[in-house]
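Here the protein sequences come in this chain order: Y and L.
The first sequence maps to residues 28 to 234 in my numbering.
The second sequence maps to residues 215 to 479 in my numbering.
It should be emphasised that the hints constitute simulated quantities derived from the structure, not laboratory data.
For every residue, glycine included, the Cβ atom is placed at its ideal position computed from N, Cα and C.
Mixed in with the good hints, there may be bad ones.
Derived coverage of chain Y by chain L (criterion: at least 3 residues anywhere in the stretch with Cβ under 8 Å from a Cβ of chain L; other residues may be distant) [what the hints assert, rightly or not]:
1) 70-84
2) 114-128
3) 174-184
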Amino acid sequence: MANELAMAMADLDEEKVQALVKAGLAGGVDPSALLNECREGMTLIGQRFETGEYYLSDLIMAGEIFKTAAADLAAQGGSSGPTKGKVVMGTVKGDIHDIGKDIVVTMLRGANYEVTDLGVDVPPAKFIEAVKETGAPVLGMSGLLTISFDPMKETVAALQAAGLRGRVKVMIGGGPVSEQVREYVGADALGVDAQAAVALAGQWLAA
Amino acid sequence: MLIIAEKLNGTLKKTAAAIAARDVAFVQDLALRQVAAGAAYIDVNAGTAPAREPDDLVWLVDTVQEVTETPLCLDSANPAAIQAGLARVKRPPMINSISGERNRIEGVLPLVAGNAAGVIALLLDDNGIPKDVEGRMVVARRLLDLTRAAGIADKDVYVDPLAIAVSTKQDGALVALDTMRALRAEAPEVRFSVGLSNISFGLPIRKVVNRAFLTLALQAGLDAAIMDPLDDSLYSEMLAAEMVLGRDRFCRKYTSAFRANRIVA
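Can you make the complete structure from the sequences, with help from the hints?
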């Protein structure tokens, strides 16, 4: 059962979240426990978005509240223990759309994944470098333009050429991305929204 | 205000299916309904993978031109698709779009002069979308230097100040509106166009948000919008706002639209 802090987070009650975090810390509650409660709230928020109760502006606000609370708790030594795994994310070369990608990053971080966010207009070589450096087994690429498909395909090909394709699962997302595009690009899966991306990461990293 | 009709866009599910199936009747019906509803240009965007896009766009262009004289707005980020479309148009089209990004400057800008009636110019560059008015003005000045050097008159440049979805940026509309006012003061001939529905992305009952933004943008000097002319409530709002702003002589457009049953509360 979600407790008061998780519910305040889920209800986007910014002041209450801050007050409960402050009161919890003052009362000697383990910062890591408080952080996990915030994460529980984020999971509920994702579900509410999925069912249509919450809107994009709610997700953005959730990201802000969570970021502030997580920073305060981390400063007090709060940690959720080992993360669920590493994910590299970015919007592909030639495309500077960031909204969708940012939401996926926020939701993944909320769900306790360690995300390397490469930003927008990311060339294939930069994706490969990050995958190598972090050892992340999941790569997510976002693109909102039809000209985003080729850079996605090039990145998958570059993973192959670098001998990394076997150990890295690739997910793609963005407005014009479809099952046909997934096939063209050679990605493993298509995520229609941020919840789908979190579910895919969960599926792949649990295996 | 010019309506650039938005529905023949392959990123919309029904249109995508029609393009894939080469459904002539669907495309021609949608084109004609948008024309009847007041479209000055019909936007055509194939929305398919780069290798297919030129062929798909040519099919759209040919199919629409079989039934209407209304000019087209060739919509793609892919220079090859724009070029293929240009080779088929019977009337000078609008080109959608250029921006300060290198690939658009090199690939699309050279296609505009002598071929198009106008070009939509997005205020972003390889560094992304500038956050504030001053940053967008820097991109606008650079773009206008380039369009002028290419022989394109300012009156044929439709600057899109880029309204960012208010669900993600609280001042997403304000920056666009203030940019329009600032640029008009500097380059009065330049026109303004927006992709109207972007503003309401991620929000419930988007039509209400679109209407509010259209009215405010008209006051800031909007000349054109990529929008749905079949949305009667939006069309009504547009005519009412133009009338209130003193752009409808003897209220004729508004009253004529009412007689044609186009005005809804």
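Hint by hint, here is what the structure shows:
| no. | hint | verdict |
| --- | --- | --- |
| 1 | 70-84 | holds (count 3) |
| 2 | 114-128 | holds (count 4) |
| 3 | 174-184 | holds (count 3) |
Every hint, counting from the list given before, is met by this structure.
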